[in-house]
Amino acid sequence: MTASSTFGLSREARNLHWLLTNLVEEVPGLLSVAVVSSDGLLLLSSDPGRNAQARQSGGRPTGPRDSAADLAAVVSGIGSLAVGAAKLMDGGAVKQTMVAMEQGGLFVMSISDGSLLGVHGAPDCDMSVVAYHMALFVGRAGHVLTPELRSELRQSLVTTTTETATTETTATETATTETMTTETAK
1 MTASSTFGLS REARNLHWLL TNLVEEVPGL LSVAVVSSDG LLLLSSDPGR
51 NAQARQSGGR PTGPRDSAAD LAAVVSGIGS LAVGAAKLMD GGAVKQTMVA
101 MEQGGLFVMS ISDGSLLGVH GAPDCDMSVV AYHMALFVGR AGHVLTPELR
151 SELRQSLVTT TTETATTETT ATETATTETM TTETAK
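So that you can map any letter, position 98 of the sequence shown is 98 in our numbering, and since no number is skipped, the others follow by simple counting.
It is worth saying that the hints were derived from the structure and are not from the lab.
Here the structure is a predicted model, which means the values were calculated and not measured.
Glycine is no exception: its CB is placed at the ideal position from the N, C-alpha and C atoms.
There could be a bad hint or two in this list.
Stated by the list, open to error - If you anchor each label on the Cβ, the simulated ranges turn out as follows: (1) Gly84 with Arg14: 13 to 21 Å; (2) Lys87 with Asn15: 17 to 25 Å; (3) Gly91 with Met127: 15 to 23 Å; (4) Lys95 with Arg14: 26 to 34 Å; (5) Glu12 with Leu88: 16 to 24 Å.
Please take these sequences and the hints and turn them into a complete structure.
Next comes the structure, spelled out in structure tokens:
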């Protein structure tokens, strides 16, 4: 997450960005993190441009299917399935869901307003440390996720995504022009 991604945001939005950045930096083995609204829309992610940059540079993507939006969809789907299962089994409110996989883990935790915090962790991440830090995030973030803040976060994510796409397009056009100039000079 870059400082420019929080420019012009409210204090509450900057605090949520800080909390998310702190979560990613404090917990070893996290690959990607997303905060998803109750209607399944991505509100905040650990680094929205990282996976696109990894794809362009030929590096290994770090999130599910290479994007924060895909992580948001998975988190939303798992959250919905868990709520449905809890209703079917008269289990009460869902607090946390964990999916253990050979190549990592997916952790989903409910936030007080119906939003979800989703974390994709490496196979060697300590699940108890991840759960503890997720609970801290939820405790600190839950009371500030108002409808106004959710709207602001959605808008800032759209702006950041548009800026990233514009930068990537400009870089591609520059590289293409340089290649054509070099080939013409030969």
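Quiz prompt | Numbered hints the structure breaks, given as an ascending list | solution = 1, 2, 5
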